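Trainee: Listed below are the residues making up each chain.
2 protein chains.
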Amino acid sequence: MDVQLTLGELLDRAVRLFPDREIVTKQPDGDRHRYTYGEAGARINQLAHALDELGVESGERVATVALNHYRHFELYFAPPCSGRSIHMCNMRLPDEHFQYIINDAADRVVFVDPAFIEKIEANADAFETVEQYVVLADDVPKTSLSPVVAYEDLIEGQPTEYDWPAIDESDECGTCYTSGTTGKPKGVSYSHRGVYLHSMMSGHTDTNGISQRDTVLPVVPMFHANGWGVPYAATFVGAKQVLPGVHTDPGPVAELIDDEGVTMSAAVPTIWLEMAEYLDDNPDVDISNIDRLTVGGAAPPESLIRRYDEEYDAPIIQGWGMTETSPLGTMSTLRKELEDRDPEERYAYRAKAGIPVPGFRTRIIDDDDEEVPADDETMGELTVRAPWVADTYHDRPSANRESFTEDGWLRTGDIATHDEQGYIDIVDRTKDVIKSGGEWISSVELENELMAHDAVTEATVIAVAHEKWQERPLACVVTGEHEVTADELRDHLGERFPDWWLPDEFEFLDEIPRTSTGKFDKMALRERLDDATVDTKP
Amino acid sequence: MDVQLTLGELLDRAVRLFPDREIVTKQPDGDRHRYTYGEAGARINQLAHALDELGVESGERVATVALNHYRHFELYFAPPCSGRSIHMCNMRLPDEHFQYIINDAADRVVFVDPAFIEKIEANADAFETVEQYVVLADDVPKTSLSPVVAYEDLIEGQPTEYDWPAIDESDECGTCYTSGTTGKPKGVSYSHRGVYLHSMMSGHTDTNGISQRDTVLPVVPMFHANGWGVPYAATFVGAKQVLPGVHTDPGPVAELIDDEGVTMSAAVPTIWLEMAEYLDDNPDVDISNIDRLTVGGAAPPESLIRRYDEEYDAPIIQGWGMTETSPLGTMSTLRKELEDRDPEERYAYRAKAGIPVPGFRTRIIDDDDEEVPADDETMGELTVRAPWVADTYHDRPSANRESFTEDGWLRTGDIATHDEQGYIDIVDRTKDVIKSGGEWISSVELENELMAHDAVTEATVIAVAHEKWQERPLACVVTGEHEVTADELRDHLGERFPDWWLPDEFEFLDEIPRTSTGKFDKMALRERLDDATVDTKP
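Protein sequence lines, in the order shown, are assigned to chains A and B. The working numbering puts the first sequence at residues 927 to 1464. The working numbering puts the second sequence at residues 927 to 1464.
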């Protein structure tokens, strides 16, 4: 049967089969908003009618500048199901980039949380296509934006039924921009087909396994790559959803987990690191509902995985992905063969990026585009292919030439190894790997080992130019209240790595600069330390 | 990305990520053949080369007349991945129908198990398109078939690599014929896309949840609707597969479950009923590896589900589907809301056909094509729609007109109710429902209640013509060694059903005739009892 794979199929299933399941939002004032898929479905229909009235045409985009809450959830469906597209914006982008993405996407309407109105006001003059602002609230606060309307006023009185148009599965349902560390953000289109398949895959037993039995809490922002697909996958199966809004600190998240019976949550490692410390200080808080935690955005330290197993019986499963991949590509579920291995070995596998999920192909290639051996050692660039991977960036021919192979695989820019069990280990970014004397040194591995030292709280390793060896590693460390010398750290690294891997210089900093997505900003560091002199030892 | 959803994606994943996982076959002589996905992949490539040499063109079909074993598994992939199609034949069809399906499918090659050579010999003269016979064995036994070759000779020496062609996902990968109780079998096409999506769905946590951790044993024949999709879904995730060949009696199946660590198995209810009796007599046999059992083809009695829970901690999950639906459409997984209900209620839900799986839509309609209320009572015809549901029968315009609604839904021919939790209950076949005085009587519900009587081992209820009421129910029962009278059975039914539902006549038979797929053959019974006189009581 010619049944198109569209987001309408996901929503329709939730509304028909799970009309009474809840979507709970912690609002800015701390109160919880509760409603059901049935009620959400009616409001999504109202929103679609409102988009009709605003004159947003089929194929056009609306922007959201919003955290995780029920109105953003409605925007995940109304535009795409009615033939438009949702552009999820990262409000932490620098103004110049923020203006660029709104203009590049040609957004017609901007839906904005009250908390981010100032950001919009500061940039509105530069928006070229925006005709309407909608504040995601009951009322419009004092603002210079115009024309502006409150979301509730926008949809009030609209019919709660909508006759959805036929949608082609290849149509865009959403768009996100990658906040690269260099150059302008690049726009990625998601198709209905891609998100449908990603959602089906996210319920697969060998991946996130999101099920009708789950209560999910995406801490990951909904403006990051479809909230890692959690809101869509949860809707497909009718899972209860808990949306934390602005309350993403460990205390409020733990409270939501406890109160709402959350079984699955997804976030960057930092959140779970902070959560563990919070739980140590608050032994009365109970997160035992948790069945599993999905971690992405950066590799979780092995020690964190171990801690959640031992203290909370909450397995951390690492997922790897990127904006271009919808995002899920690999997951570090433990293969059956490895279940009987000793704990050290099991944790080493689980700390890797994982094995490709069903439907996702990977190929790690060297400079000659040949696949590198699965020896857990040889590095190459990870290239990927799947129905939910973007095949182009919006209007960026040179980025497209660089980022895709001739036979249509995405070059991820990640340097990886793979082993005979099929596990992929991300050892660096192509831009961060240190090329010393024709050999590659993984900055990530050095960083992890530095952070495993008791005295080090943060560490990042960058390449600095070197006359003889082309590049050499330089380590930037934050030690907090502990004291440690460069020699001690070099000795620590020397226990695991060959001499020529060891950084020649150590910079002791008060803090490491971060990008808008919270990652260490190596570009800023490189600029700051550009003229760092390196005494050659090798 | 334009990644076509094809069977090559499934196979490639197993061969790349799970090359050492086993596929175990119990051979006719009782020995077990063991090999891996890696080895299977190489032989599949050899078979594809052999098909090239035989001159089977792209888009053409080859027939299999075979049980569940590794060579049949290879045929599940080599024809479709190389652009052809596999026609899985039910060798239990009457000769006339068997000849019809081979000719209708225009099969070029027939792959046949040694056990079924006689069936082929008896029909070969009537085959219009077959040019080659291949015996699925090391050697060709004495046979009148010509030209004929042994499977092992066919593939021996062929290259173990094959350059797979690009396949469009809408291309046919396989075909099956429905063995209807009336008329000629109807041919159903499966597309690569449909089987890919069905396989992804079959790994979903809310369905069969087939995972890399599983060892699966499909007792359901591979010639029935893709073996209910088990071999394909298992390959997608790299699960170990155990194929029982001719050894589908309880003893050998239990032994395989025990020895091979089978975690998931799929079969009709009869198998598990017989298995329970076998286990009672053989307390040393251990099936505790089993994590869940999928049951389809007919509704399992509630008592069977209860028994497997209590005695073997092996939940029976009912699935509903048909040849036209690939086949999985609904599954009776217990909704979270119902987990705390009392056992009686839980078992009542689990004995229903279940809720639609993700991606599958259902609509139960009355004679005016209006959806019937979800009141667990009002009957209507179940109509369905999904990317893995056939939208046509081969060259059967009148069947197509009857079987599909104007807006493209399949009329299943099943009479069903649905309830407010979304569970569908199949209460009858459109052809079997008894229309008495303008009201409908469910033959299935009467049968189930009769079979719940201690004295009754088998029961079926058919409609007989009646002057005043149009149709009235007539019950055919097999009582085995127990004695019971018609009045006693009528009283038994009277405890649950209204007077006008109670059969007017009871026929006590030695056995109930069965169709080629093992179901009660109501058509044969109707013919035999055509002139049964019915004393009117109502």
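Honestly, I wouldn't trust all of these hints.
Identical copies carry no separate label here, and so any pair may be met within one copy or between two of them.
Taking lysine to aspartate or glutamate and the EDC-like style, the derived pairs with C-alpha atoms no more than 20 Å apart in a straight line are [as the list claims (entries may be wrong)]:
no., residue 1, residue 2
1, K1361, E1453
2, K1262, D1217
3, K1445, D1293
4, K1262, D1185
It should be emphasised that the hints constitute simulated quantities derived from the structure, not laboratory data. These figures come from a predicted structure and were not determined experimentally.
Trainee: The structure should be examined with respect to each hint, and the outcome stated for every one.
Mentor: The hints, checked one at a time:
1. K1361 <-> E1453: Classified as within: same-chain Cα gap 18 Å, cross-chain 84 Å, threshold 20 Å.
2. K1262 <-> D1217: both (19 Å within a copy, 15 Å between copies)
3. K1445 <-> D1293: neither (27 Å within a copy, 61 Å between copies)
4. K1262 <-> D1185: Result: close only across copies, 17 Å inter versus 34 Å intra.
When held up to the earlier numbered hints, the structure conflicts with hint 3 and nothing else.
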